[in-house]
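4 protein chains.
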Amino acid sequence: MDSMMMDMMKSMPADKMRGMDMTAMQECIEACSMASMAATMCADSDTGMDMARCSSMCTSMVDVATATMRMMMRPMGMDQASMRAMLMACVEMGKACSAECMMHADMDEQCRMCAKACDAMVAACEKLLASSAMA
Amino acid sequence: MDSMMMDMMKSMPADKMRGMDMTAMQECIEACSMASMAATMCADSDTGMDMARCSSMCTSMVDVATATMRMMMRPMGMDQASMRAMLMACVEMGKACSAECMMHADMDEQCRMCAKACDAMVAACEKLLASSAMA
Amino acid sequence: MDSMMMDMMKSMPADKMRGMDMTAMQECIEACSMASMAATMCADSDTGMDMARCSSMCTSMVDVATATMRMMMRPMGMDQASMRAMLMACVEMGKACSAECMMHADMDEQCRMCAKACDAMVAACEKLLASSAMA
Amino acid sequence: MDSMMMDMMKSMPADKMRGMDMTAMQECIEACSMASMAATMCADSDTGMDMARCSSMCTSMVDVATATMRMMMRPMGMDQASMRAMLMACVEMGKACSAECMMHADMDEQCRMCAKACDAMVAACEKLLASSAMA
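Residue numbers (the numbering used here), protein chains in the order written: chain A, 1 to 135; chain B, 1 to 135; chain C, 1 to 135; chain D, 1 to 135.
FYI, nobody ran anything at the bench for these hints, they're computed from the structure.
Incorrect hints may have been included.
As the list claims (entries may be wrong) - Mimicking BS3-like on lysine-lysine, the simulated pairs with C-alpha atoms at most 27 Å apart in a straight line are: (1) B/K127 to B/K16; (2) D/K95 to C/K16; (3) C/K116 to B/K116.
Sequences and hints are given; from them, build the entire structure.
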């Protein structure tokens with residue numbers, strides 16, 4: 001992540017974050033951003049009858065990853081139950097999207113990279129969910 | 001909902017929807033659309049130090065309601081586990097946003113209407129979650 | 001548009017709207033919402049090699065129509081030059097998306113309805129652009 | 001930008017990009033991503049009566065920057081007139097948002113960084129608009 005973004009996150013009001021693990025959250029924000037970009041490109045590259053499910057899932061992946069990322073960037077309205085449920089939705093969508101993309105990973109470079117970005121995002125979300133503030 | 005939208009939803013491939021209750025889904029799509037619009041306007045109208053939490057929650061409500069709405073409009077990539085988790089995230093965010101907006105409903109007409117739209121969306125999501133295809 | 005949304009728009013601070021034609025703006029908001037939904041469903045239904053351009057354009061149409069719609073719902077930050085440029089971008093994307101969808105309108109009901117929704121949105125944006133406050 | 005994203009962009013179908021300057025486009029995508037994140041955090045941090053216009057503009061900046069970024073990531077539906085109009089809308093919104101944020105930059109670190117990110121995005125959009133393929 002860009003150093004300017006790091007500075008912005010450091011200037012977030014810590015008291016609003018209710019003990020959230022800021023390092024885990026920064027990694028999760030970056031992973032969501034990457035997955036959102038990868039899925040945008042993967043959805044676009046999916047051509048042919050057999051790729052309709054992949055394209056559709058990737059397009060929803062973009063929406064879910066973007067919403068999850070932005071929620072983490074809004075300390076003023078942080079609500080633990082909503083954040084937790086959204087991270088869980090991001091995990092489910094990430095797993096489903098990765099599984100679909102992996103089916104085409106041998107033939108399609110965009111699918112291979114999208115699956116990788118989804119896997120990294122799922123891991124980052126699960127790490128954040130496992131942290132004490134989210135338990 | 002506009003009659004054209006009704007026609008579009010009727011032309012969705014039913015076999016991809018895996019037995020989902022299409023009437024409950026249409027109501028949920030419309031409720032998410034309304035909540036997204038109401039929260040967009042409520043977030044914008046929130047001025048003053050005491051409204052920062054309300055504005056922040058409403059802005060996240062827009063993202064979550066929009067992502068949930070669009071997922072329902074994509075039969076090709078419908079995945080039950082992801083859809084279910086997203087509806088649950090929408091319920092949590094909707095409850096939190098409504099509770100916050102209700103605290104200002106006496107003084108602020110936008111907050112009163114946003115709370116009402118969130119409540120209707122939560123009810124529509126819960127109805128869809130309770131339907132047989134999502135159980 | 002739902003009566004509640006009408007009420008919300010009526011409670012917008014008129015002094016912030018800098019003389020904008022509120023009736024034309026309400027019609028434009030609704031037209032953008034419809035086009036965004038129609039394009040979401042059209043992009044999802046596009047399967048097969050020949051539909052990749054259509055699906056890609058519809059997906060961008062969703063983003064552009066949604067951003068345009070939301071800008072109109074934010075009186076507090078209304079900036080004429082930005083609003084004008086965004087409406088013009090929405091017109092260009094709407095024309096391009098409609099032209100592409102019309103090429104498949106005979107075979108594909110979703111394309112036919114998406115083209116119709118885009119045409120209505122383009123007309124609503126052009127009407128708003130032609131109003132005195134935007135000139 | 002992450003090296004994986006670089007790889008994904010390199011695997012974009014160059015023939016669809018109609019001679020677009022891929023280096024300028026990559027820089028523009030990254031600048032839009034940064035401005036979108038900075039504006040998300042700036043909008044959230046804006047509290048107090050005098051910051052309502054700043055928060056509103058930043059929230060629209062997020063929508064415009066995100067839509068512009070994603071359009072560049074979709075080679076399949078690339079349309080020069082739409083892309084050009086969207087880049088111009090992004091420039092207008094970026095200039096307006098930066099000007100507003102600069103008014104609070106002395107007191108507010110988030111505003112200072114958001115203005116900087118908007119300026120960088122405006123420069124990147126203008127560079128891309130000036131390239132031969134967009135002329």
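Quick rundown of the hints versus the structure:
no.: 1; hint: B/K127 to B/K16; verdict: holds, 20 Å
no.: 2; hint: D/K95 to C/K16; verdict: holds, 19 Å
no.: 3; hint: C/K116 to B/K116; verdict: violated, 32 Å
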